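Could you build the full structure based on these sequences and the hints that come with them?
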Amino acid sequence: MSREYLPLSPVEPIRPLAAQQNPNVLDQHESEFVPRDLDELAISQEPNFASDGPLRSPSTSSINDLDEDDNPSPTKSSEPTPLPRTQMAILLFLLLTEPISGFVIYPFVTKLVGELGITDGNESAVGYYVGFIESLFYIAQGLTVLQWGRLSDSIGRRPVILLGTLGLALSLLAFGFTTTSSSMSKSFSPWGSFAWVVFSRSLAGFLDGNVGVVKTMLGELTDESNRARAFSLFPTTWIVGATMGPLVGGALEHPAERFPAIFGPEKARLWTTYPYLLPCLLASIFCSLMFLVGWAFLRETLSPSHPAPSTDHGDYEALPQDSPIEQSSPISPADNLPQPKRAPTMREVLTRPVVIAVLNYGTLAMLDIAYFSIMTVFFAVPISSGGLGLPPSLIGIIFATLGIASGGVQLLVFPIAHKLFGSKRLLRISIGSFMLVFPTFIGMHLAARANMGIGDPTENEGVGKAKGLLVWMGVFGLVCLNPLVDMGYSCSFMFVTSSSPSPSHLGSINGLAQTLVSMVRAFGPAGSTALFSLSTKNKWMGGYGIYAIMMGLTVAALGCTGLLPDDEKQALTEEKL
Numbered sequence: 179m180s181r182e183y184l185p186l187s188p189v190e191p192i193r194p195l196a197a198q199q200n201p202n203v204l205d206q207h208e209s210e211f212v213p214r215d216l217d218e219l220a221i222s223q224e225p226n227f228a229s230d231g232p233l234r235s236p237s238t239s240s241i242n243d244l245d246e247d248d249n250p251s252p253t254k255s256s257e258p259t260p261l262p263r264t265q266m267a268i269l270l271f272l273l274l275t276e277p278i279s280g281f282v283i284y285p286f287v288t289k290l291v292g293e294l295g296i297t298d299g300n301e302s303a304v305g306y307y308v309g310f311i312e313s314l315f316y317i318a319q320g321l322t323v324l325q326w327g328r329l330s331d332s333i334g335r336r337p338v339i340l341l342g343t344l345g346l347a348l349s350l351l352a353f354g355f356t357t358t359s360s361s362m363s364k365s366f367s368p369w370g371s372f373a374w375v376v377f378s379r380s381l382a383g384f385l386d387g388n389v390g391v392v393k394t395m396l397g398e399l400t401d402e403s404n405r406a407r408a409f410s411l412f413p414t415t416w417i418v419g420a421t422m423g424p425l426v427g428g429a430l431e432h433p434a435e436r437f438p439a440i441f442g443p444e445k446a447r448l449w450t451t452y453p454y455l456l457p458c459l460l461a462s463i464f465c466s467l468m469f470l471v472g473w474a475f476l477r478e479t480l481s482p483s484h485p486a487p488s489t490d491h492g493d494y495e496a497l498p499q500d501s502p503i504e505q506s507s508p509i510s511p512a513d514n515l516p517q518p519k520r521a522p523t524m525r526e527v528l529t530r531p532v533v534i535a536v537l538n539y540g541t542l543a544m545l546d547i548a549y550f551s552i553m554t555v556f557f558a559v560p561i562s563s564g565g566l567g568l569p570p571s572l573i574g575i576i577f578a579t580l581g582i583a584s585g586g587v588q589l590l591v592f593p594i595a596h597k598l599f600g601s602k603r604l605l606r607i608s609i610g611s612f613m614l615v616f617p618t619f620i621g622m623h624l625a626a627r628a629n630m631g632i633g634d635p636t637e638n639e640g641v642g643k644a645k646g647l648l649v650w651m652g653v654f655g656l657v658c659l660n661p662l663v664d665m666g667y668s669c670s671f672m673f674v675t676s677s678s679p680s681p682s683h684l685g686s687i688n689g690l691a692q693t694l695v696s697m698v699r700a701f702g703p704a705g706s707t708a709l710f711s712l713s714t715k716n717k718w719m720g721g722y723g724i725y726a727i728m729m730g731l732t733v734a735a736l737g738c739t740g741l742l743p744d745d746e747k748q749a750l751t752e753e754k755l
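The numbering used here puts the sequence shown at residues 179 to 755.
Note that these hints are calculated values from the structure, not bench results. Fair warning: there could be bad hints in the mix.
As the list claims (entries may be wrong) - What follows is a set of in silico ranges between Cβ atoms, one per label pair, in the way DEER data are often shown: (1) Glu435 / Thr264: 25 to 33 angstroms; (2) Thr579 / Phe599: 45 to 53 angstroms; (3) Gly655 / Gly600: 24 to 32 angstroms; (4) Glu435 / Phe701: 51 to 59 angstroms; (5) Glu526 / Glu402: 42 to 50 angstroms; (6) Pro368 / Leu741: 32 to 40 angstroms; (7) Phe654 / Glu402: 32 to 40 angstroms; (8) Ala373 / Leu598: 49 to 57 angstroms; (9) Cys658 / Arg530: 34 to 42 angstroms; (10) Leu470 / Met613: 30 to 38 angstroms.
For clarity, every value in this text was computed on a predicted model and none was experimentally measured. Even for Gly, the Cβ is constructed at its ideal location relative to N, Cα and C.
Structure below.
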């Protein structure tokens, strides 16, 4: 294991004794000094972030503590480092703004498209516009999130997160001021309103790079002893936001019609002119409040490249007269000035460990979004079309149950499972669970057909016909398997964080990972549901060909996990591509 020894200089001040005894004093003094004992220069590269004190950038790779004999310390504390609760809470509340702002429109976006009047009464065309609007955020985010990550490596994490949160607040407010055919606005124009919707959703995606930067800050606030616990809170927070957003959007759209005593036309024409303003306004207010909280209390985790020199030269140890002094080159005053940061180049970022970690994150996201999209269609379409024909109210209950189960398992079970299995094995278990998920769809559909006694596939089945015990056993199986799928995200986050060759690259790396995932989320739903329709329409493998395709992709994803190190803490070769 290598050490860093700093050059000796006869013209520089002698190193303070306090700096020899405490490596953190390096943040307050220049690093050019004459050491009393070179063995004292073994500097730990992993500061402790357990307190809410001033934050410093950690190293992403673990370096063993060295004793005076240059040997690893024989014992290390098994107690995990306490999490910095205040900073973690602020960060997770800031993260909560993205799922709330993203999902608040889902309950009413179909109704909104219908009221815009751009389909000329063609109900089958509504789905295309709805899908386009839902994908806009991720398309725009995919185009900019990498640059936000790189910018955070240059100017810091805090300003990028605050700007993204403010962008969400403004875009939600803009979306709420969409006029429709029911708004009785003289200025209403179908395509003009649609263009405004496109603008507001795109604005949210362009300005929001928060997810990747939040992951970066989580990595910088933690170490190997508590990182699993911290990252288990990430999907839990996302699930909470993805539940709150639709509840607000579904309950408060068209308030003048639903709550006329409070929001009726005689009270204010604002709510009739802009029927979707109220839910968007509340979500925007929440984002604005989180912006203010972050502005006041969120601390920067990215340290400056070179700390400014201290003018306090007390506590210096005299250099013995017989000490050998090596000649070094003269040092100009400019050498002591803080150097401006620059974002790392893509050549510096794209190391082999980074590509492997991001690839595994992307394959998991691809399988997950395909699974979710197929499940949404599968529950809704009739049995003769390859689904179960369940009513929307029942589908909502199933999805809520899936979310509650996943959130509870992430919070309570994941830290224990990670300690038992480790990141790589748990990620393989997560991806491997898809080998049970997709056959479960086949079993549920076969049970539904058998329960109905279908002889003629063209029989009119109606809605809500799948009531067999085996069908509900399959639904229960999905409720049990879904938390395993979500556990893989926490493992992937830790591999991506640990793959960084240096703390200054972490923002760019998380931006790269989020770019890939945003693109998958933008195009994955359309691709997977199109394959579902083609499979059932053309009777590929009896209508179940889509599941065979997804299981094949699962095998490929499991193969990708073989490229990962056995432990995310394991040192990796930083080979440039």
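Verification of the hints:
1. Glu435 / Thr264: 25 to 33 angstroms: 43 angstroms, violated
2. Thr579 / Phe599: 45 to 53 angstroms: At roughly 25 angstroms between Cβ atoms, Phe599 and Thr579 fall outside 45 to 53 angstroms, so the hint is violated.
3. Gly655 / Gly600: 24 to 32 angstroms: For Gly600 against Gly655, whose Cβ atoms are near 26 angstroms apart, the range 24 to 32 angstroms holds.
4. Glu435 / Phe701: 51 to 59 angstroms: 36 angstroms, violated
5. Glu526 / Glu402: 42 to 50 angstroms: 24 angstroms, violated
6. Pro368 / Leu741: 32 to 40 angstroms: At 50 angstroms between Cβs, range violated.
7. Phe654 / Glu402: 32 to 40 angstroms: 36 angstroms, holds
8. Ala373 / Leu598: 49 to 57 angstroms: For Leu598 against Ala373, whose Cβ atoms are near 53 angstroms apart, the range 49 to 57 angstroms holds.
9. Cys658 / Arg530: 34 to 42 angstroms: 36 angstroms, holds
10. Leu470 / Met613: 30 to 38 angstroms: Distance hint for Leu470, Met613 is violated at roughly 47 angstroms.
Hints 1, 2, 4, 5, 6, 10 from the earlier list are contradicted by this structure; the remaining hints agree with it.
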